[in-house]
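Peer 1: Sequence:
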Amino acid sequence: MIRLYSTLGRALVDLEPRDEGKIGFYVCGPTVQSPPHIGHGRSAVAFDAIRRYLVWRGYDVTFVRNVTDIEDKIIEKAAEAGEDVAAFARKMEERFRDAYRRLGVLDPDVEPRATEHIPEMHELITTLIEKGAAYQAGDDVYFSVRADEDYGKLSGRDIDEMRSGTRIEPNEAKHDPLDFALWKGAKPGEPYWDSPWGPGRPGWHIECSAMARRYLGDDFDIHAGGTDLIFPHHENEIAQSETATGKRFARYWLHNGMVNLDGAKMAKSTGNVVDLATALDTYGGMPLRLLFLRAHYRAPIEYSAELVEEAAEAYRRIERLLERVPPTDAEADPGVLDAFREAMDDDFGTPEAVAVLFDTIREANRRLDAGGEADALVAAVREIVGVLGLDAGDTAGGLDEEAIRAVAAEFGVEADGDIEDAIEKLLAVRAEARQARDFATADAVRDGLSRAGVVVEDTPDGARWLRA
RNA sequence: GGCGACGUGGCCGAGUGGUUAGGCACGGGUCUGCAAAACCUGUUACCCCGGUUCAAUUCCGGGCGUCGCCUCCA
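Counting from 1, one number per residue, gives the positions in the first sequence under my numbering.
The hints are simulated quantities; they were obtained by calculation from the structure and are not laboratory data. Treat the hints loosely; a few may be bogus.
As the list claims (entries may be wrong) - Pairs of lysine-lysine residues, derived as BS3-like cross-links and limited to a Cα-Cα distance of at most 27 Å, are as follows: (1) Lys-247 x Lys-22; (2) Lys-91 x Lys-268; (3) Lys-184 x Lys-91; (4) Lys-174 x Lys-153; (5) Lys-187 x Lys-77; (6) Lys-187 x Lys-174; (7) Lys-184 x Lys-73; (8) Lys-91 x Lys-247; (9) Lys-184 x Lys-153.
Kindly produce the complete structure, drawing on both the sequences and the hints.
Peer 2: Printed below as a string of structure tokens:
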């Protein structure tokens, strides 16, 4: 039985899907207003790992991750860039998609865009107005939080206490300062869609309610996103959806912790960000993915170059074992898989799962060092690595070909062709030197390659090389 | 001010009422021409003060500190 921590109720609960064996999983995807940063990567990896695990456990998972491609900030940023809003949004969306793929994040089953679901939003808004839970004020339509008796149940907030807070700006058009926009009338020059309430665009929140319902139905299983979305975004989704349908919106709410830089949250609004694509170029996707998976998805994590490098070092331990033992058709060791399952069944405990992975790696190496075989253990490692999505291959930047060719030239090796051939030829030169016990030359080749970012390791079967 | 999370060894980061998390780093060792890798091994733990208990890092209370949300944000 899988147990998971739901923010709604703040407790560990058993996973009991609406439809046996099936799971509807909705993740709040990005608002495509700027390129992705590390925090977006962390969130995507966290829920991708959970999704993969659920599939591995035999569930038929429908994974939906939306793209919010119309919103105030997008309009603002597009204007600053002097670009068409839709084109700008699409460009950003591509950047997110590319970064996700490099992190080994699987494509969603459905990736709906807000701008392509305006009619579904209109339907919800109309229902809310008919029920007296929403009202038109000027060119806008607002949801009336007073219409929802449960309002605040997700974030643990009380309407009256919030109203006395100083940070809520009274707005003449709203009946209550906490009411939020379902539909915003278009100002001149802004993109708009026609609606029963005049030309305009959707408010934030409503797109997720509409798209989740369209693809997963009411009372679907898992709704996920960052902790920073709990209020107001998810709270408002629940309010508008449940008020409109009279049914539960989602059964379980999962929230990933934030990524911190020097102890403070990485956030677009403060400029306190590290660009995800840049980090991917520097370290590769898998070290970053392992960095994320080493911590529990709900805990905040710290990001720094030093920490990714550390994760990269740890990742190489996995790679080395898998290179040491080629794939076989051996059955994965059941004891190892049990330990992995136990770790993951407990609120997707990837840190423990990773510990199981490294324990198994050590045991496998131990047996191999002792001259035995470890096929079942290595098969288990491969399986776990696959479930955690740590096998996507994007491990590091390219080789420094120029430096390698320079080394080749130094030792009179022809290196016009494939760079890997050049490395092999250099290793042959070194092997010859070693054979002749000319260790000075052998070491010079190795040192040269080392400076070019290629690590040479001698094994009983000859030398092999790895990217540094 | 309100709501919530958290304080673990050099760093990151799990977990548990009494028994080794794991990774990285550092020291010693085996192996190796030397290295690297791999393996063995060593070092520094559970913020403070009370309480419950045979026993608390783990439960309860208080304190101190950090962080998040309350405004757009994964």
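Peer 1: For every hint, state whether the structure bears it out.
Peer 2: Verification of the hints:
no.: 1; hint: Lys-247 x Lys-22; result: holds (19 Å)
no.: 2; hint: Lys-91 x Lys-268; result: holds (18 Å)
no.: 3; hint: Lys-184 x Lys-91; result: holds (24 Å)
no.: 4; hint: Lys-174 x Lys-153; result: holds (22 Å)
no.: 5; hint: Lys-187 x Lys-77; result: holds (16 Å)
no.: 6; hint: Lys-187 x Lys-174; result: holds (18 Å)
no.: 7; hint: Lys-184 x Lys-73; result: holds (14 Å)
no.: 8; hint: Lys-91 x Lys-247; result: violated (37 Å)
no.: 9; hint: Lys-184 x Lys-153; result: holds (26 Å)
The structure shown violates just one earlier hint, number 8.
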